[in-house]
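Novice: Protein chains in written order, with numbering that gives the first Met the number 0: chain A, 0 to 404; chain B, 0 to 111.
Be aware that one or more of the hints could be misleading.
Subject to a maximum C-alpha distance of 25 Å in a straight line, what follows is the list of computed SDA-like cross-link-like pairs (lysine to any residue) [stated by the list, open to error]:
#1 A/LYS291 / B/LYS84
#2 B/LYS8 / A/LYS291
#3 B/LYS84 / B/TYR50
Per label pair, the in silico range of CB-to-CB distance [stated by the list, open to error]:
#4 B/THR4 / A/ARG373: 52 to 62 Å
#5 A/GLY183 / B/PRO9: 14 to 24 Å
#6 B/TRP91 / A/ARG177: 34 to 44 Å
To list a few chain B residues with every Cβ distance to chain A over 12 Å, as calculated [claimed, not checked]:
#7 LYS11
#8 TYR45
#9 GLY47
If you're looking for bench data, these hints aren't it; they were derived computationally from the structure.
Backbone N, C-alpha and C fix where the C-beta goes; we use that ideal spot for every residue, glycine too.
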Amino acid sequence: MNSGDIAWVLTSAALVLFMTPGLAFFYGGMDRGRNVLNMLMMNFYCLLVVPVLWVVVGYSLAQSPTTNRFIGGFGHAFLHGIGLSDGGSLLATVAFLGMFAAITPALISGAVADRMKFSAWAAFVPLWLILVFVPVFKWIYGGWLGQRGSLDFAGGTVIHVNAGIAALAAVLVLGKRRGFPHEGHPPHSMPLVMLGTGILWFGWFGFNAGSALLANGQAVQAFLNTFLAAAAGGLTWVLVEWRRDGHPTNLGAASGIVAGLVAVTPAAGFVSGMAPLAIGAAAGAVCCFAVKLKVRVGYDDALDVVGVHMVGGLVGSLLVGLFANPEFFPGALFRHGLFYGGGLRLLGEQVLANAAVIAWSFPVTLLLMLALRRTIGVRVSPEVESTGLDLALHMETAYHSGGLW
Amino acid sequence: MKLITAVIKPFKLDDLKEALRAAGVVGMTVTEVRGFGRQGGHTEVYRGTEYNIDFVPKIKLEVLCESADVERIVSVMVDAVRTGKIGDGKIWVTEVDSVMRIRTGELDSDAI
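Next comes chain A alone, as it looks inside the complex (with noise of 0.2 Å):
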């Protein structure tokens, strides 16, 4: 890197550590007043605990020099090795990659909201990192499936894909809400969703442009591409629900703009054109039918991380493999997709990255749960949850004024 690079990759992970207070923003508004303050304490807790095991096992575990393609060794663990020899690049990249690794287990608070205890969350969450999210950054970023030749721009497949099935795996261990799906569970405050989903689409241009690790031609289409996916995927969204529902809602722009930032993320860097509003256009449609699926299977994933995530992640990783485009990135290594002569080889490769990920996040994470479940238990009593996480397991409350809501 040089000094152009190093800037750009600092000013993006400040940019991307941005992104958890935003998660817990738009989380947290569409919980309810009670159990706000456990949303957000959810979230933050991952930027408390993750930074400490990121340095001192998690990057080497996931990117330390090793033959094994299946897992890093402990070459680099409480940063030996890693100076500033090479004027800090790999510095750089740790803290980087570090602000990833502390919003893909935040994004699994979403669905467990309302009923998690604190003390389960608070083992699940370093637990989590080493089992699920360290071994499958090492598969797709130099390990076996990256090998093979599957792209995976900033994190489609390995954060969202991953955290979006663990969300599912974590619901059923748990169990419903109580209530669920016959009370409603309405967003207590709309304005601080809209309020996170700002922050969430500022650190996405971190979060994607930055995972260029250099401020090049291939930044900039990224960060184009971020602007341009999420606008389409909440435009798409408010559509579908304006003509399907009657109205547009803020929380459908909201929701729309969120899932089009996820399903660019894996193409960020690999598609050009009028491609960004392809693939944000797709994830608004699909996500926006997505999150009703859960009332219709019967698991209680609270607020939709499963439709948003997972779905979003899915659809932007498998349309990398119709528009990924070599030619407009010369000397970049990866491969052509359907639309631009490369066939089905890509495409094929998206399937079997997202199946693998899935293949080992969803029953570790089950596995994980039920570990937690047998130990310390995962599940507030049911005086807690109608008295609000916040006070019961906090001991404070967010709104002193206002009312009895």
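Fit chain B to the given chain A structure using the hints.
Specialist: Frame of chain A; chain B shown alone:
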């Protein structure tokens, strides 16, 4: 002495306050409340799922007055808040045994 209690649509509060002032009422108490009557609640839609909101926001306004003024004040209030649509609210009147102004210790009529 009587206590007049009105539960009304929130957007009518300013009209009601001005009408009562014009009618010589010098004090009142307002509370933000939630409730439903014949109007029932309303429906909100989030991510395509409908939620029934049973308790809708209302304003509760309370006025103390002399028994002789009740009819006049109630009619001023009705004129100020009626829209003719469902959900306009209710006004009811209750007997008050005694009233004291805390600062001066004045009682009943002197305290209103």
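Novice: Decide, hint by hint, whether the structure agrees.
Specialist: Evaluated hints:
With a C-alpha separation of about 35 Å, the suggested pair A/LYS291 and B/LYS84 falls outside the 25 Å cut-off, and the hint is violated. Straight-line distance between C-alpha atoms of B/LYS8 and A/LYS291 comes to about 34 Å, which puts the hinted pair past the 25 Å bound. Of the pairs offered as hints, the one joining B/LYS84 and B/TYR50 holds, with about 23 Å between alpha carbons and a cut-off of 25 Å not exceeded. For B/THR4 paired with A/ARG373, a C-beta distance near 56 Å keeps the hint of 52 to 62 Å intact.
Taking the beta carbon of each, A/GLY183 and B/PRO9 are about 22 Å apart, inside 14 to 24 Å as hinted. Against the hinted window of 34 to 44 Å, the Cβ-Cβ separation of B/TRP91 and A/ARG177 comes to about 36 Å, which satisfies the hint. Every C-beta of chain A lies more than 12 Å from that of B/LYS11, the closest at about 20 Å, which supports listing it as non-interface. The Cβ of B/TYR45 sits about 5 Å from the closest Cβ of chain A, inside the 12 Å cut-off, so the non-interface label is violated.
Residue placement check: B/GLY47 does not keep its beta carbon more than 12 Å from all beta carbons of chain A (closest about 6 Å).
The earlier numbered hints that this structure contradicts are 1, 2, 8, 9.
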